[in-house]
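Here's the letter readout for the chains.
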Amino acid sequence: MSTVADDLHHDDHHDHKPSGIKRWLYTTNHKDIGTLYLWFAFIMFLIGGAMAMVIRAELFQPGLQIVDPNFFNQMTTVHGLIMVFGAVMPAFTGLANWMVPLMIGAPDMALPRMNNWSFWILPFAFLILLSSLFLEGGGPNFGWTFYAPLSTTYSNDSTALFVFSVHIMGASSIMGAINVIVTIFNMRAPGMTWMKMPLFVWTWLITAFLLIAVMPVLAGAVTMVLTDKFFGTSFFDAAGGGDPVMFQHIFWFFGHPEVYIMILPAFGIISQIVPTFSRKPLFGYSSMVYATTSIALLSFIVWAHHMFTTGMPLFAEMFFMFATMLISVPTGVKVFNWVATMWRGAISFEVPMLFALAFIVLFTLGGFSGLMLAITPVDFQYHDTYFVVAHFHYVLVTGAVFSIMAAVYYWLPKWTGKMYDETLAKWHFWCSLISVNVLFFPMHFVGLAGMPRRIPDYSLQFADFNQWISIGGFAFGLSQFIFLALLLKACRKEGEPVSDKVWDGAEGLEWEIPSPAPYHTFETPPVVK
Amino acid sequence: MSEQQYQKYYVPAQSPWPFVGAVALFLIAVGAGNFVIETTKGKEGFGGWILLAGLVVLFYMLIGWFKNQIDESMSGMHSEQLGRSYRQGMSWFIFSEVMFFAAFFGALFYARVIAVPWLGGASNNAMTAEVLWPGFEAIWPLVKTPDGTTTTAMGWFGLPLANTIILLTSSVTAHFAHVALEENKRGRLKLMLGLTILLGLCFLGLQVEEYVHAYREMGLTLQSGVYGNTFFMLTGFHGLHVTLGTLLLIIMFFRVLKGHFSPQNQFAFQAASWYWHFVDVVWVLLFVFVYIL
Ligand code: HEM
Ligand SMILES: [Cu+2]
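Sequences listed follow chains A and B, in order. Just so we're aligned, residue 1 is where the first sequence starts under our numbering, counting upward by one. Just so we're aligned, residue 1001 is where the second sequence starts under our numbering, counting upward by one.
Pulled out of the complex, with its shape left as it was, chain A reads as follows (with noise of 0.2 Å):
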C-alpha cells in the first residue's frame, strides 16, 4: 500500500495543542481521548489487580485468614467488572481511538464530542461503582454475572448503584462504538476500500457492531434486576411466573458476544504484528476477515453454553454444544493464519512480536480448555470450578491483555516519537510470561478436582497449587509495575528518537505520518492507491 502523504507541514499553525486540564476534560482531540482511554484503563488494571491480590492472599492457605467471606465476594465481583468494564473494553477503545483515523487516513473520529462524552462517563462510573464498596452492608457481592436470585432477593442495597453504574458503562461502549462504526463507514480516505482495511480496523468494526448489538441487552438485564429486587416485579422469580435461568439467558444472549468484544480487536492486533516482525504480508487476508465475521455471528447462538447444568432439554443442550465447537473452526484459521505468516519470514523478537508470540500459544491454549468445556456432559463436572477460571484467564490475560500491552509496545514509539526502554520491556515481557503461567496454569489442575470458584476457602488437599497460584500471581502483580515504570519514562520522553516508520517492516498509513504524530494529522485525506 503506497499513498500520496499528504504535507502535514503545511498544517503546523494548526498543531497547537490546548494546555492545562481543559485539554483533557474539553477535548474534541482522538489522540487526547484515545490516551485518556489508555490511562484510564492502565489505573483501572492496577486496582482490579489490587483486589485480585487481596482474592490470592486470602487463598495462599486453606480456611479463612485474612477477609470475611462476604469482602471475599465483594472483591472478585469487582475485580470481575473492573477488568471487564474498566481495563480491557477501554483499553481497546482507547487503541481504537488513537490508531482506528491513522489507519484509514481520516482527520479524526467522525463524532468528535460525543467522543469526549463517551469517555468522560466512564471515571464518574466506576466511582460510583467502588464507592459502593464503602456502603452500609458493603458493595455488589453477586459475581461479576449478577445472576438472579443472588442480585436480587439476597443482594445488598449498593445494587440500586451497581445498576445504575452499569447502564453509564454501557452507554459509554455504545457512543464508543457509534463513533467506531461511523468514523469507518463514512471517513475511510479515498482508496482504501473495505478489503484494504488493516485488520484491526476490521476487527473493531465488528467489535462495534456486537457492542451495539449487545450492551442494549444488558441495560435491560440490569433494568429487570432493579425492578425485580426494588420495585416487586418478578421477571426472575418463579413464585410471580418468572424463572431464574431466564435471567442467565438474558446475561449470557449478552455475556458470550461480550467476551468476543474483548478478543477481537485482540485478533486484529496481532493480525498487525507478526506480519511486521515477520517482514512479510499477513497470510490470507480476506480468510481472516470472513472468519472475524462468522465468530461474530455465530458468538450470537451460542450463549447457553454458559448454562449447561441449569437443566435446559436435552435438545438444547446439544444446540448450544455443537454451535460453540463450531466457532472454534473460524478461529482455527486465525491461529493457522499467523503462524502462516510467520513461516520462512524473517522473524525478529522485539518485545511488540514477545507478546504477540505468547498471545498465540497462551490464547490457543485458552481456547482448548473452551472446547473441553463445551462439552455438555464434560462441563458438569468442570462447571464452576477452578478450571473455568484458569479457561477465561488464559484467554482474557496471556489472550486480551497480552495484546493490549502487543499493541502499546508496537505503537507507542508512534504516540511519543521515543523508543521505549527496551530492557525494561524486556523484563516486562519475562516476569510477566512466566508468573502468568505459574498464576493460572495449575488452576488447570485444581479445578479438574473439583475445586469451586468464587469460594474463600478449599479442601485442604488443593493446598499446594494454591500456593503456587498465590506467588505467581504475586509476582504476575509486581511485573506490572515494570510496565508503569515503562510508561512514565515514555511520557517524559525519555529514549532515542525513531523514525517514521519506526519498524522496518511496518506497513500501514500509521507509519507514513512524523513520530511523534502530530496532533492534527489527515486533514486533507491521503489517497490510498
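These are calculated hints, taken from the structure and not from any lab test. Glycine included, each C-beta is placed from N, C-alpha and C at the ideal position. Honestly, I wouldn't trust all of these hints.
[As the list claims (entries may be wrong)] Where chain A lies over chain B, by a calculated footprint (3+ residues, C-beta under 8 Å):
no., stretch
1, 1036 to 1046
2, 1103 to 1116
3, 1266 to 1275
[Claimed, not checked] Now the in silico label distances, taken between C-beta atoms and shown as ranges:
no., chain 1, residue 1, chain 2, residue 2, range
4, A, 325, B, 1067, 53 to 61 Å
5, A, 468, B, 1016, 48 to 56 Å
6, A, 134, B, 1055, 24 to 32 Å
7, A, 460, B, 1293, 54 to 62 Å
[As the list claims (entries may be wrong)] Derived pair list, reagent style SDA-like, types lysine to any residue, alpha-carbon separation capped at 20 Å:
no., chain 1, residue 1, chain 2, residue 2
8, B, 1067, B, 1043
9, A, 17, A, 517
10, B, 1008, A, 185
11, B, 1008, A, 349
12, A, 22, B, 1014
13, B, 1067, B, 1257
14, B, 1190, B, 1255
15, B, 1043, A, 136
16, A, 17, B, 1067
Position chain B with the ligands against the provided structure of chain A, taking the given hints into account.
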C-alpha cells in the same frame, strides 16, 4: 475525489458540553440509585435532590450543546460528509434502542413460551409443578401467579386500539411533514408537524388513562406477576420513548417556526422523524404481542 472537490471535515474545537454531560449523568446515576434505595426502603436521604440536580444539568448541557450544533449548522460549517456521519450515527443509535426493547420482548417470550408452561409441568417438569406449585395453571395472560396473586388481563379493543390508530396516523403525518420539507412547502410542514405532535400527546394522555384504569379498576400493576411486569415494562419504556420523541418533535417545530431546515440541511429533523417511526414500529409489535396475542 480530487483535492478541489474535497470539503474539509469539520472537527469541532474544544467543547465543555460533553464534560458537563458527564457530570450530569454522574449526578443522575448517584441520585437515582440513592433515590431508589431511599423510597423503597423508607430511608432518609438526598437521592431525589441529586437526581433533580442531575436532570437540570443535563438540560443545561443539552441546550448548550444543541445551540452550538445549530449555530454551526446554520453557518454552513457542516459538510455533506458530516451529515452522513450524523445520519449513520442516528441509525446505529436506533439499532441499539431496538436491541434494548429486544431484551424485554425476549423476557416476554421466554416467560410465555418456557417459564410459565414449565411451572405448570410442561417439558420434563411434571414433578416441579406437582411438588412446588400444586394447583398452578399455566395460562397466558397469567392472571394467577404460582404464589396466588391474581389480576386481570388488558384487552386490546378500545383504548389500545385507539392508541394504535393514533400512533399509526402520526407516523403518516410525520412522513408528510418530511415530504413537505423536501418540497419546501413550509405551511404544510408546520401543519403536519404540529399534527404529529398533537397525536403524540393524545397517545400519551390515553396511555396515562390506561395505566390509571389498570391500577385502579383492573388490579393490574407492576407487581402482579410476570404478566404485569412485561406489560408495564414494555409499554412503560415505550411510553418514555414516545415522550422523548414528542419532545424532539416539539424542538423541531420551534426550529421550523424560526425558519430552520431546508431540503439540503435537515439532519435534526430527519433524526427526529426516524426516531418517531421507530417508536411507532415498536408500538405495533407491542400491540400484537402484548395486547392481542
Ligand atoms: C474456542 C473458543 C471458546 C470456547 C469453545 C469457549 C467455551 C466456554 C465455555 C463452554 C464456558 C463455560 C464454562 C462453564 O461455566 O462451565 C466458557 C466460559 C468463559 N469463557 Fe470461553 N470459550 C472460548 C473462547 C473464549 C474467549 C475468546 C473468551 C474471552 C476473551 C472467553 C471468555 C470466557 C469467560 C469470561 C468465561 C467465564 C464466564 C463466567 O462464568 O464468569 N472464552 N467458555
Ligand atoms: Cu461463552
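Now the hints, each set against the structure:
{"no.": "1", "hint": "1036 to 1046", "verdict": "holds (count 4)"}
{"no.": "2", "hint": "1103 to 1116", "verdict": "holds (count 9)"}
{"no.": "3", "hint": "1266 to 1275", "verdict": "violated (count 0)"}
{"no.": "4", "hint": "A:325 x B:1067: 53 to 61 Å", "verdict": "holds, 55 Å"}
{"no.": "5", "hint": "A:468 x B:1016: 48 to 56 Å", "verdict": "holds, 52 Å"}
{"no.": "6", "hint": "A:134 x B:1055: 24 to 32 Å", "verdict": "holds, 26 Å"}
{"no.": "7", "hint": "A:460 x B:1293: 54 to 62 Å", "verdict": "holds, 58 Å"}
{"no.": "8", "hint": "B:1067 x B:1043", "verdict": "violated, 40 Å"}
{"no.": "9", "hint": "A:17 x A:517", "verdict": "holds, 13 Å"}
{"no.": "10", "hint": "B:1008 x A:185", "verdict": "holds, 17 Å"}
{"no.": "11", "hint": "B:1008 x A:349", "verdict": "violated, 41 Å"}
{"no.": "12", "hint": "A:22 x B:1014", "verdict": "holds, 9 Å"}
{"no.": "13", "hint": "B:1067 x B:1257", "verdict": "holds, 16 Å"}
{"no.": "14", "hint": "B:1190 x B:1255", "verdict": "holds, 10 Å"}
{"no.": "15", "hint": "B:1043 x A:136", "verdict": "holds, 13 Å"}
{"no.": "16", "hint": "A:17 x B:1067", "verdict": "violated, 25 Å"}
When each numbered hint is compared with the structure, violations occur for hints 3, 8, 11, 16.
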